[in-house]
Every structure is written in structure tokens, then in C-alpha cells.
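**Student:** Chains H and P are the protein sequences, given in the same order.
Per our numbering, the first sequence starts with residue 4, numbered consecutively.
Per our numbering, the second sequence starts with residue 1464, numbered consecutively.
Source of the hints: derived by calculation from the structure; they are not laboratory data.
Here the structure is a predicted model, which is why all the values come from computation and not from measurement.
Don't take every hint at face value.
[Said to hold, decoys possible] Calculated pairs, DSSO-like style, for lysine-lysine (alpha carbon to alpha carbon, straight line, at most 27 Å):
id, chain 1, residue 1, chain 2, residue 2
1, H, K20, P, K1587
2, H, K20, P, K1547
3, P, K1600, P, K1587
4, H, K20, H, K40
5, P, K1587, P, K1525
6, H, K40, P, K1525
[Stated by the list, open to error] If the Cβ cut is set under 7 Å, some of the chain P residues that face chain H in the computed set are:
id, residue
7, I1498
8, R1500
9, V1509
10, M1518
11, E1572
12, A1582
13, W1585
14, K1586
15, T1590
16, G1591
17, G1592
18, G1593
19, W1596
Every residue, glycine too, gets a C-beta built ideally from N, C-alpha and C.
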Amino acid sequence: MDVLYFAWVRERVGRPKDRIETGAATVRELVNELTLKEERYAAAFADLDALRVAVDQELSDFDASLENVREVAFFPPMTGG
Amino acid sequence: MDIRVQQEPFDLGHEASRFAARQAGMGAIVTFTGIVRDLEDGDLEVMEIEHYPGMTENSIRKIADEALSRWNIGDILVIHRYGKLGPDEMIMMVATSAPHRVDAFQAAEFLMDFLKSRAPFWKKEVTGGGEGWVAAKDTDEDALDRW
Chain H
4 MDVLYFAWVR ERVGRPKDRI ETGAATVREL VNELTLKEER YAAAFADLDA LRVAVDQELS
64 DFDASLENVR EVAFFPPMTG G
Chain P
1464 MDIRVQQEPF DLGHEASRFA ARQAGMGAIV TFTGIVRDLE DGDLEVMEIE HYPGMTENSI
1524 RKIADEALSR WNIGDILVIH RYGKLGPDEM IMMVATSAPH RVDAFQAAEF LMDFLKSRAP
1584 FWKKEVTGGG EGWVAAKDTD EDALDRW
């Protein structure tokens, strides 16, 4: 699965993308797995209220299932326009 | 419908004219242009705009589809830039056409409200003294409720 990071999430993680093998069933489980892995992920995911998530490029939430998902992205609230 | 996400600058006059030339039977065209605003102390050097290729185009298309289904409008143009922009540069434009102006105005406002907080763009302000990500405002989220 590809895990993408944007804006300050990307800066805290230190890279734009990871390709990972995971048994996580939901986005929240994936977040917990990454948080335990390394401090920089813990820093990026410290405040989930400040984060948004997209699953296969659709805005979603942390309880979303990862079954058959190819791409998950984490980012702060968007500031377009 | 014409959706473009690009790094290059665009020519507002040219785009507006070209859009207008395609709108046979429409009585109104509304255009909105977003500009990089300098900070209060005039300190902004660069605004860096990051986006999520693929999701950006799809989410703008979905917002435009929604506008087309809600109002009696003819066509929609959205151009949104990314990359490094200087103060006073044009970031983006929206154009809508409709038989009557109320639909064109409302659809353009709807597009802007949703582009602001539902299209995956992020802005970073770079000044002489440092840099920082522009935070989303609660009022941006509140603006969606009226639709």
C-alpha cells in the first residue's frame, strides 16, 4: 500500500511517500502501527484532530476500512482557492 | 467543463475571452480570480502551493459536477496553480456561465467555498524571517454550511 503525506505532515515524516506492507484493518490501526514504528511518525500523528485522511483519493475518516485499498494519504485541512 | 491544475501562469483576459466565446445562449458570465496577498508587513517572498496530483483534479471535477446539478448553468472553467508564486501573482480563477446572473454568481461562490476546503491544496508562506503553513480557518468550514 502507498502511504502519502502532504504539507507539514510530509515535513514531519521527512518524505512524501512510503510503500508499506500492513495488516492494519482500518486507517486508525495504520496510524497506530506507524506511530509505534518511529518517532517522526509519532510527531506527525500526535494530534489526529489536526489531520485529514484520504483513502484511494477520496476524503475519508480514521475508522475507514483498508480492505483492497491501494493508497492512503494524510494531510492537514486543505487551503485551496 | 474545463479543469486545469498547472504550474504556469495564466492570462486572465485571454481565458475569460476564450470561455465567453464558447457560451452561446448564455446571458451571464461570472469570473473570480484569486491573487497571492502580501502579508501585512509586506514581508512575503514566496507562496508555495502543494497539491495532491490526481485527487486534486477529481475533487475539483466533483465540485463542478455538483454546481452543474444545483444551478441552471452552462459551463464551468477552473484553473488552479501550484508551485512557487510571488506576491500579486494570480493563483486561480473560476468562470461560470448561465442564462441569468444569479445562477452564475451563486455557482461561482459555491465553487470557491468548496475549492477552499475540499480540494487538496496547501499553502506555505515564505518570508525573510522564516516559513509557515497557512492554517485553515473555521470560517472556511462554516462557509460550506450555507450550501
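**Student:** Would you mind marking each hint as holding or not holding in the structure?
**Tutor:** Outcome of the hint check:
no.: 1; hint: K20/H x K1587/P; in the structure: holds (19 Å)
no.: 2; hint: K20/H x K1547/P; in the structure: holds (21 Å)
no.: 3; hint: K1600/P x K1587/P; in the structure: holds (15 Å)
no.: 4; hint: K20/H x K40/H; in the structure: holds (15 Å)
no.: 5; hint: K1587/P x K1525/P; in the structure: holds (25 Å)
no.: 6; hint: K40/H x K1525/P; in the structure: violated (36 Å)
no.: 7; hint: I1498; in the structure: violated (11 Å)
no.: 8; hint: R1500; in the structure: violated (12 Å)
no.: 9; hint: V1509; in the structure: violated (15 Å)
no.: 10; hint: M1518; in the structure: holds (4 Å)
no.: 11; hint: E1572; in the structure: violated (11 Å)
no.: 12; hint: A1582; in the structure: holds (4 Å)
no.: 13; hint: W1585; in the structure: holds (4 Å)
no.: 14; hint: K1586; in the structure: holds (5 Å)
no.: 15; hint: T1590; in the structure: violated (17 Å)
no.: 16; hint: G1591; in the structure: violated (20 Å)
no.: 17; hint: G1592; in the structure: violated (18 Å)
no.: 18; hint: G1593; in the structure: violated (13 Å)
no.: 19; hint: W1596; in the structure: holds (5 Å)
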